[in-house]
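Participant: Here is how the chains run, residue by residue.
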Amino acid sequence: MAETEQETPRRSLTDRAVGKTRDLYRWLDDRLKATVFGSIRFTLPGTFSYVLSNLGMATTICFFIACATGIPLLIYYRPSPWNVAYDTIKFITEEIAFGAMLRGVHYHSSNAMVLLSIIHAIYVFFKRLYKGRFDFLWVTGVILGVVTVMVAFTGYTLILNDRAVEAQNIMLGITETIHPLVKSLMAGSGLSDRVMRLYAFHIGLIPAIMLALMAVHLPRALRISVPTVIGIFAVLFIATAIFPAELGPKYNPAATPEFMPPEWYFLWIFSLLRTWAPVIIVAVLLPGALIVIMMAIPWLDTGRRPFLTDRPEFAVIGMTAVSYWLYLTVRGVIGVGPPAEQIPIIEVVGVFVATVAASAIVFRLITPILKSRPRGRKKEPQRYLDDNLVTGILLVIVGLQALFVWGFTSAYIQGNSSLASMNIGLSLLGLGVAQHVYAVSKQVPSE
Amino acid sequence: MTEDSHVEETGEGEGFEGKLSRRYFLKFLLGTSIILSITPFVPMVKFFFAKETKMEPGRKLIGNTKELTEGSTKVFFYPGEESEHRSFLHRLPLVQLARAREEGRDQFINDGFVAFNTICPHLQCPIELPEGGEFICPCHGGVLDVTDGTVIDGPIPRPLPAIRLEIDKGSGDIYAVELFGRIGYGRD
Numbered sequence: 001m002a003e004t005e006q007e008t009p010r011r012s013l014t015d016r017a018v019g020k021t022r023d024l025y026r027w028l029d030d031r032l033k034a035t036v037f038g039s040i041r042f043t044l045p046g047t048f049s050y051v052l053s054n055l056g057m058a059t060t061i062c063f064f065i066a067c068a069t070g071i072p073l074l075i076y077y078r079p080s081p082w083n084v085a086y087d088t089i090k091f092i093t094e095e096i097a098f099g100a101m102l103r104g105v106h107y108h109s110s111n112a113m114v115l116l117s118i119i120h121a122i123y124v125f126f127k128r129l130y131k132g133r134f135d136f137l138w139v140t141g142v143i144l145g146v147v148t149v150m151v152a153f154t155g156y157t158l159i160l161n162d163r164a165v166e167a168q169n170i171m172l173g174i175t176e177t178i179h180p181l182v183k184s185l186m187a188g189s190g191l192s193d194r195v196m197r198l199y200a201f202h203i204g205l206i207p208a209i210m211l212a213l214m215a216v217h218l219p220r221a222l223r224i225s226v227p228t229v230i231g232i233f234a235v236l237f238i239a240t241a242i243f244p245a246e247l248g249p250k251y252n253p254a255a256t257p258e259f260m261p262p263e264w265y266f267l268w269i270f271s272l273l274r275t276w277a278p279v280i281i282v283a284v285l286l287p288g289a290l291i292v293i294m295m296a297i298p299w300l301d302t303g304r305r306p307f308l309t310d311r312p313e314f315a316v317i318g319m320t321a322v323s324y325w326l327y328l329t330v331r332g333v334i335g336v337g338p339p340a341e342q343i344p345i346i347e348v349v350g351v352f353v354a355t356v357a358a359s360a361i362v363f364r365l366i367t368p369i370l371k372s373r374p375r376g377r378k379k380e381p382q383r384y385l386d387d388n389l390v391t392g393i394l395l396v397i398v399g400l401q402a403l404f405v406w407g408f409t410s411a412y413i414q415g416n417s418s419l420a421s422m423n424i425g426l427s428l429l430g431l432g433v434a435q436h437v438y439a440v441s442k443q444v445p446s447e
Numbered sequence: 448m449t450e451d452s453h454v455e456e457t458g459e460g461e462g463f464e465g466k467l468s469r470r471y472f473l474k475f476l477l478g479t480s481i482i483l484s485i486t487p488f489v490p491m492v493k494f495f496f497a498k499e500t501k502m503e504p505g506r507k508l509i510g511n512t513k514e515l516t517e518g519s520t521k522v523f524f525y526p527g528e529e530s531e532h533r534s535f536l537h538r539l540p541l542v543q544l545a546r547a548r549e550e551g552r553d554q555f556i557n558d559g560f561v562a563f564n565t566i567c568p569h570l571q572c573p574i575e576l577p578e579g580g581e582f583i584c585p586c587h588g589g590v591l592d593v594t595d596g597t598v599i600d601g602p603i604p605r606p607l608p609a610i611r612l613e614i615d616k617g618s619g620d621i622y623a624v625e626l627f628g629r630i631g632y633g634r635d
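These protein sequence lines are chains P and S, in that order.
Read in our numbering, the first sequence has 317 at position 317, and its numbers run on one by one without any break.
Read in our numbering, the second sequence has 453 at position 6, and its numbers run on one by one without any break.
Honestly, I wouldn't trust all of these hints.
Stated by the list, open to error - Distance condition first, Cα-Cα at most 30 Å in a straight line; then the derived DSSO-like pairs of lysine-lysine:
1) P/K127 to P/K371
2) S/K521 to S/K507
3) S/K521 to P/K250
4) P/K250 to S/K498
5) P/K20 to P/K33
6) P/K250 to S/K507
7) S/K513 to S/K616
8) P/K131 to P/K371
9) P/K250 to P/K371
Everything labelled a hint here was simulated from the structure, so no lab data went into it.
Next up, chain S with everything else stripped away, as it sits in the complex (with noise of 0.2 Å):
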């Protein structure tokens, strides 16, 4: 026991001076083989990770023209059926379509018509039905752009994603077609 312990005073010391000891070396061999032990364990932290559902934005038939009058919104979902893919179907009131058409702002606009995703950039809460050309965030008092769902005030870091609509000229049904940007996603 003294001579063990004689040793493992000699192995902290002087363990690299070309002569190792034999009890320096095998704690060396245990710490390893605890630390190999451990190894696999660790991804498996992985497992709580949740598996993200892989979307993929395809043509949806959201409404028809005839079903909406100026100034009026309806509530769909897109791409998927989640509560974070609630979007309205906005149609702008004649007045707003031409102030946004004079100032070039109507990159979303088909035929009078947006839709956007409404789960707030900010923090997450759904917004409110438009109300004189703005969306209003309950939870944190921001507003946003109902022509192009730019931040008008109030904390919302990025504008909201937007959804491309294809209209058909005969039936008057409105598809959503895409989704620009990430839905809930506010960091810079």
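Excised from the complex, chain P in its bound form (with noise of 0.2 Å):
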């Protein structure tokens, strides 16, 4: 991007600075190519990039970024039972300068990653992208998906506050449930050997794993959109700013703990178990079984056609698991007491069998639309912005930046944290929006 337009034959000292800038520059780019860089394409889409086809390399974006925020996090945590790892984090959270920020992008980012790695599933599925040699990543997506859900629960049991040791004690019974020696390998002995065990399996093994499985489940051409990176940061500053990541009352042994609903990834769970069916059926080969069938599903579906509309059966069962799901999530918080109501069976059966023929016959309906949609690959339209107001759309958001830059400072000197990191998301997303219209004015043919 620094790259001068074209020579001058009198070169000055700039010019002299700047060519050999370039020089580096290009001699840096060819040597990357030798290294795993060379399999990544960096780039400026130059018209807005399809949201949904990159979410699967926004959710990888999301890995890493909680790896960055998490790393410093480990210098002051520390895991022991609730009075010093309780501690430690309210340390990072009230005394250590940006320390409320990182934990909060950590939280965030950590919570976009479940999300968005949902709606690729979603994504992916309606498109059914999971056919021919795709089926090895769709199974490896599943087994991912499921291990980012134990990253991100591991994750808020370290906090040691009520919502904390409540989420142990659910794993504990839940491990139990299954066999003693699960609970043993999961959630040790006693709560010092559970924390340090929860410790180790969030910031050691289960990221590990998670790389190994990324390692075949990434494309081997990845494509990386800048402005999403940049976007993708903006998101979650300006979140933490909004939604400061909680800190809770401590946990206190001697105590019943506040009660509070679990996390939002596992309300469809707790809303099972609220209609009081065993345990055993609802949190394990319910979830298990579910599990087993997403990853069978390449198989189950033999269509050759790539198109919805061929197998309406699969889009059936698609709507109705997302709609349910959504369902359930939404029932999960509603009438939590405590003491949590029961939620009748009836219900719960009841809402399955409507949305089941309500998916039906929404299909039914929207069949003729998708079907009237031209098939194939779209041509992207040439977008062209005149140079004058590119330059100007790129001069105000500078200016902004700058405004924002100095809001940030303002507010960190008075120590408000949410303010900062709103300040840094908005100056991010001027970066991206910058990016976006600097790629479209290069989409101009030189005349």
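Both chains are given apart, each in its own frame, so use the hints to dock them into the complex.
Facilitator: In structure tokens:
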């Protein structure tokens, strides 16, 4: 990007400096092509890149953001029972410079990772991109999704506030239901062993497993859209500003902890547990069966043509799964007491039947619309932006960014972490837009 | 090379027809060698299983009859000090005590006192202080009887583990001496 457009015959000092920098950049760029970066293409898409097809990449980016924010947190966090671990997190949040911000971005990147991987899976399912050679990627993707939830879960049990210990208790109960050996493996014996164990899983074992799975899940040629990466960063900082990572009440073993529903990605199991059905069915066999069925989808779907309308049963199954999952998730936070009210099993079954029927009817109604859409690759329309307009936009963005950096500085001096975070997010958003506009302007055919 | 591949083919095809090919036998040996090499690593999985701390349910002083009025509750830890050992010592009101005696549900009551571990056998949530003769688990809404720990309502599969009490008549000291059942164990 630091390239000069034309050579001038009279080479001034600046020109020579620019030339040398460019040579260095080209040399580095060339040599990096011999490394793993040779298979990654960093792009500045000239059009608004189709967000849905970039979700896998976005999830990966969130994983690396979680690593980058989690590693500094290791410096201050101490995994010991409640009186130590909780205090170190309180210390990070309240005393350490940028501690609250780092925790916030770490927390939101884990949530974003889970959310994006769910939407990624839904998109891949409905586009039926799991066919052919991609069946293997689908299977590794399902496993990666499960492991992603596990890394997020182990993360929030480490805070050792009421909610974390509650989550640990439920984990004890569920693993005990499977087999006492599973409990011994996952939860250890006693709180100090358990905290250390979850810590080792969270920072070492599970990320290592995730990297191994990513090696067999990421496609051979990676395309990374730089503005999207910047956009993800911006969204995480803005989310941190609006919803700071919670600290919650410190766990006190002598008192009954304040009851709170679990994290949003477990609410569906929580809803099912509230029907008072046996734990072994609802929390072990059912999720296990769902995972196996999901992995088997590429072989269950024997259709050859790639269009959704050719396999209406799969479309209906997908629509039912998504909407029923949404229902259970929302139902989980309604009537949680404490104590949590029972959800009548008749309601859960009834809504399921209704969801299947509604999905079938809706799919029937939208089939003509889906069929009328042109099949095959659309030609991307050329976009042109006037050079003067681009210059103007970039100037405005740079001006706004200067404002945000000033806002960040003053917020930091005042000790307002949320406002500082918001300013970083907005400034990054500016950079993303600037990159995009710059890329669009480059599309103008040269005269 | 061609000879090799030929031998391999015959080895796959007619290996057991009396004439075991040398190639096939070597492959078998190599396979056995690999399996034998891996074998010692298999039990190393045991590294990841936690060592259970042995709890000898001994005699433990947990309170005094004078510090508890009727209907009041005290939290104590038994047999160890871990979070799952959290227990309640509860002094039953006279009305409740009389009713429990009438119904013959007084096997855990000692001089009006009862003690239970408070980890819910459903999914190991800590249950709340007894209120009106009932324990309530806040997580999934289970209800337990405070006199004998049996299930009144909800998804809880088995009664709470009770703690046997001994009371020193002279000083009024209350000792926990024995735990009935397994803590947080909900399997059937």
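Participant: Hint by hint, say whether it matches the structure.
Facilitator: Here is how each hint holds up against the structure:
1. P/K127 to P/K371: holds, 14 Å
2. S/K521 to S/K507: The hint holds at about 15 Å.
3. S/K521 to P/K250: holds, 21 Å
4. P/K250 to S/K498: holds, 27 Å
5. P/K20 to P/K33: Roughly 20 Å between the alpha carbons, so the hint for P/K20 and P/K33 holds.
6. P/K250 to S/K507: holds, 28 Å
7. S/K513 to S/K616: holds, 12 Å
8. P/K131 to P/K371: holds, 20 Å
9. P/K250 to P/K371: Distance ~57 Å between P/K250 and P/K371 Cα, so the pair is violated.
The structure does not agree with numbered hint 9 stated previously, though it agrees with all others.
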